[in-house]
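Colleague: Sequence order for the protein chains is A and B.
According to the numbering used here, the first sequence holds residues 1 to 318 in order.
According to the numbering used here, the second sequence holds residues 319 to 636 in order.
Think of the hints as simulated: they come from the structure by calculation, not from any bench.
Accuracy of the hints is not assured; some may be wrong.
[To be verified] Between beta-carbon pairs, the in silico distance windows are:
no.	chain 1	residue 1	chain 2	residue 2	range
1	A	R10	B	P428	48 to 56 Å
2	A	A242	B	E597	39 to 47 Å
3	A	S220	B	D373	47 to 55 Å
4	B	V471	A	I233	20 to 28 Å
Even for Gly, the Cβ is constructed at its ideal location relative to N, Cα and C.
Number of protein chains: 2
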Amino acid sequence: MQTASFPDQRVQQLLGIDTPIIQAGMVWASGAKLAAAVSNAGGLGLIGAGSMKPDLLREQIRKARRLTLKPFGVNIPLLRGDVEDLVQVVLEEEVKIIFGSAGSAKRFTPRFKEAGCVVAHVVPGVTFAKKVEDAGCDLVVAEGFEAGGHNGVDMVTTFSLIPQVVDAVSIPVLAAGGIADGQGIAAALALGASGVQIGTRFAATVESSAHDNYKQAVVSADDRATVFHLRQIGPARMFRNAWTERVRAAEEQGASPEELKEILGSKRERLGIFEGDLEEGQVEAGQGSGLIRDVPTVAELMQRLLEEYASTTAKFCT
Amino acid sequence: MQTASFPDQRVQQLLGIDTPIIQAGMVWASGAKLAAAVSNAGGLGLIGAGSMKPDLLREQIRKARRLTLKPFGVNIPLLRGDVEDLVQVVLEEEVKIIFGSAGSAKRFTPRFKEAGCVVAHVVPGVTFAKKVEDAGCDLVVAEGFEAGGHNGVDMVTTFSLIPQVVDAVSIPVLAAGGIADGQGIAAALALGASGVQIGTRFAATVESSAHDNYKQAVVSADDRATVFHLRQIGPARMFRNAWTERVRAAEEQGASPEELKEILGSKRERLGIFEGDLEEGQVEAGQGSGLIRDVPTVAELMQRLLEEYASTTAKFCT
Numbered sequence: 001m002q003t004a005s006f007p008d009q010r011v012q013q014l015l016g017i018d019t020p021i022i023q024a025g026m027v028w029a030s031g032a033k034l035a036a037a038v039s040n041a042g043g044l045g046l047i048g049a050g051s052m053k054p055d056l057l058r059e060q061i062r063k064a065r066r067l068t069l070k071p072f073g074v075n076i077p078l079l080r081g082d083v084e085d086l087v088q089v090v091l092e093e094e095v096k097i098i099f100g101s102a103g104s105a106k107r108f109t110p111r112f113k114e115a116g117c118v119v120a121h122v123v124p125g126v127t128f129a130k131k132v133e134d135a136g137c138d139l140v141v142a143e144g145f146e147a148g149g150h151n152g153v154d155m156v157t158t159f160s161l162i163p164q165v166v167d168a169v170s171i172p173v174l175a176a177g178g179i180a181d182g183q184g185i186a187a188a189l190a191l192g193a194s195g196v197q198i199g200t201r202f203a204a205t206v207e208s209s210a211h212d213n214y215k216q217a218v219v220s221a222d223d224r225a226t227v228f229h230l231r232q233i234g235p236a237r238m239f240r241n242a243w244t245e246r247v248r249a250a251e252e253q254g255a256s257p258e259e260l261k262e263i264l265g266s267k268r269e270r271l272g273i274f275e276g277d278l279e280e281g282q283v284e285a286g287q288g289s290g291l292i293r294d295v296p297t298v299a300e301l302m303q304r305l306l307e308e309y310a311s312t313t314a315k316f317c318t
Numbered sequence: 319m320q321t322a323s324f325p326d327q328r329v330q331q332l333l334g335i336d337t338p339i340i341q342a343g344m345v346w347a348s349g350a351k352l353a354a355a356v357s358n359a360g361g362l363g364l365i366g367a368g369s370m371k372p373d374l375l376r377e378q379i380r381k382a383r384r385l386t387l388k389p390f391g392v393n394i395p396l397l398r399g400d401v402e403d404l405v406q407v408v409l410e411e412e413v414k415i416i417f418g419s420a421g422s423a424k425r426f427t428p429r430f431k432e433a434g435c436v437v438a439h440v441v442p443g444v445t446f447a448k449k450v451e452d453a454g455c456d457l458v459v460a461e462g463f464e465a466g467g468h469n470g471v472d473m474v475t476t477f478s479l480i481p482q483v484v485d486a487v488s489i490p491v492l493a494a495g496g497i498a499d500g501q502g503i504a505a506a507l508a509l510g511a512s513g514v515q516i517g518t519r520f521a522a523t524v525e526s527s528a529h530d531n532y533k534q535a536v537v538s539a540d541d542r543a544t545v546f547h548l549r550q551i552g553p554a555r556m557f558r559n560a561w562t563e564r565v566r567a568a569e570e571q572g573a574s575p576e577e578l579k580e581i582l583g584s585k586r587e588r589l590g591i592f593e594g595d596l597e598e599g600q601v602e603a604g605q606g607s608g609l610i611r612d613v614p615t616v617a618e619l620m621q622r623l624l625e626e627y628a629s630t631t632a633k634f635c636t
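In isolation and in its complexed conformation, chain A is listed as follows (with noise of 0.2 Å):
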């Protein structure tokens, strides 16, 4: 077995992490368990506040502690109507990393900087990227098409949108979209990245609250499984469905914002992801699923990514 080594280092000193891979924050999938177990592997673990109310979110911060003494951090999409609880949650519960997502990172950067956290934002585009680090951020998560769930309406994928990002800031960049085991780590990483944010792969193991069914799907899904709509209200990436294939019809047909909103209804996610429907449901997962077969446990699956990056890595050093 090789032994993984990262060129660059400065995403782990700040995070106070052995390894620069990320659990993305998701919705209905990632709360303190999944965070928690990636932590306990030398990662980061990320409780997903998005399908949280501000109660829930700080008891699963308060479980996170009890199942972890290493770092781990929140994300919180800043466009929710009640973004103001949840920061007031992550501040009085003393979290001390944050990723923000949707919406601006001016709004409260200031304010967790001030509490001395560690702050990430997710972003589509290299101008969002720049105004992340003018906002003060610490790291800049340039997410591409690929990725599962919410996403740009640019369309601007990981293998072009990476360098570029990287090009654009100083500040350490962090690849999302696609990325689903080591190979696409290394590859990441030649891109210009100094870490990566994992989505997808995360939400398919057995710590991850989502359910089974959700799991299975991703474990059969095939290189064409996913597909992108909802461009107009809040562009999403999501398996094929009954679902799906409604909204496609409706957006073929010029249907406006309005009628897409009565299509999406409400909780089609929690639906989707968290009860199971896979028909009716908003199943969110990226493209990197065809690559997903199993659902290991986080150790089985950090280790493995360490080993497919190093042996990766190590084809290059002849």
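Guided by the hints, dock chain B onto chain A, whose structure is given.
Modeller: Frame of chain A, contents of chain B only:
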């Protein structure tokens, strides 16, 4: 300066070249001059037959033979109405390397193999890649959603596509889409590719026959400069301009294929790439354009790609 070394030698051996860098056959940009320059610099140049009548293709093949003693190839879009004539020309002229794209690899591969050719075929997905292998091709080019020009409807990105195709076939895989520098080459190889096919970066060189306006548009492009349209009648990636905005508006209003064909009209690619009309032409280019900042000669570019590749891979070897 580091020396570039490539872990997998199969592509070099199959094609008789030094460096597994293939210049994509592109409409209106890649004639004999570009192809010969790439081959002379140690890669593989391809004459793009897509924008040539059979007689012009014959002339360009003969011209390339005068400009280089090294192997070069021809790219043939197999859906062309006069494809039989193009095939006849390459066989009569004894071209020994054929890259097919669009259409079925099955139809012509037996004839090419009988004539002693090395045959590759470009695909946008895993299922197609398996068909290419079954058809008897020697190589498969897996081209991601970020690539310029015509593309698949499933929008699978380079980062997701390459490792899934590598897992699915035994023949060597060339990665295409978004590769514009040596970091991209290293990333593609980390993902399991045996070599790369590069388009837009070569279209913006001195030897490319694209219009100077085209080359300058590539140089000034950012990460969001390209758009992907015409999924219903022939999906393609190109620079956003006055004409693509009309296409977008029509698509959002649910335009029929017939209406889109009307808006497309004829000779749009020639207008954009060869005549340099950046507002009314179909100015095909990849998302990697944002990484391209000059118009070097092919020799300069090839040396730079190798240096970047060597320094990128070297950072994994400490």
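Colleague: Against this structure, judge whether each hint is valid.
Modeller: Structure-based check of all given hints:
Look at A:R10 against B:P428: about 54 Å separates their beta carbons, and that is inside 48 to 56 Å. The hinted window of 39 to 47 Å between A:A242 and B:E597 holds, with their beta carbons roughly 42 Å apart. In this structure the supplied range 47 to 55 Å holds for A:S220 paired with B:D373, their Cβ-Cβ distance being about 51 Å. Judged by the Cβ atoms, the range 20 to 28 Å given for B:V471 and A:I233 holds: they are separated by roughly 22 Å.
When held up to the earlier numbered hints, the structure conflicts with none and fits them all.
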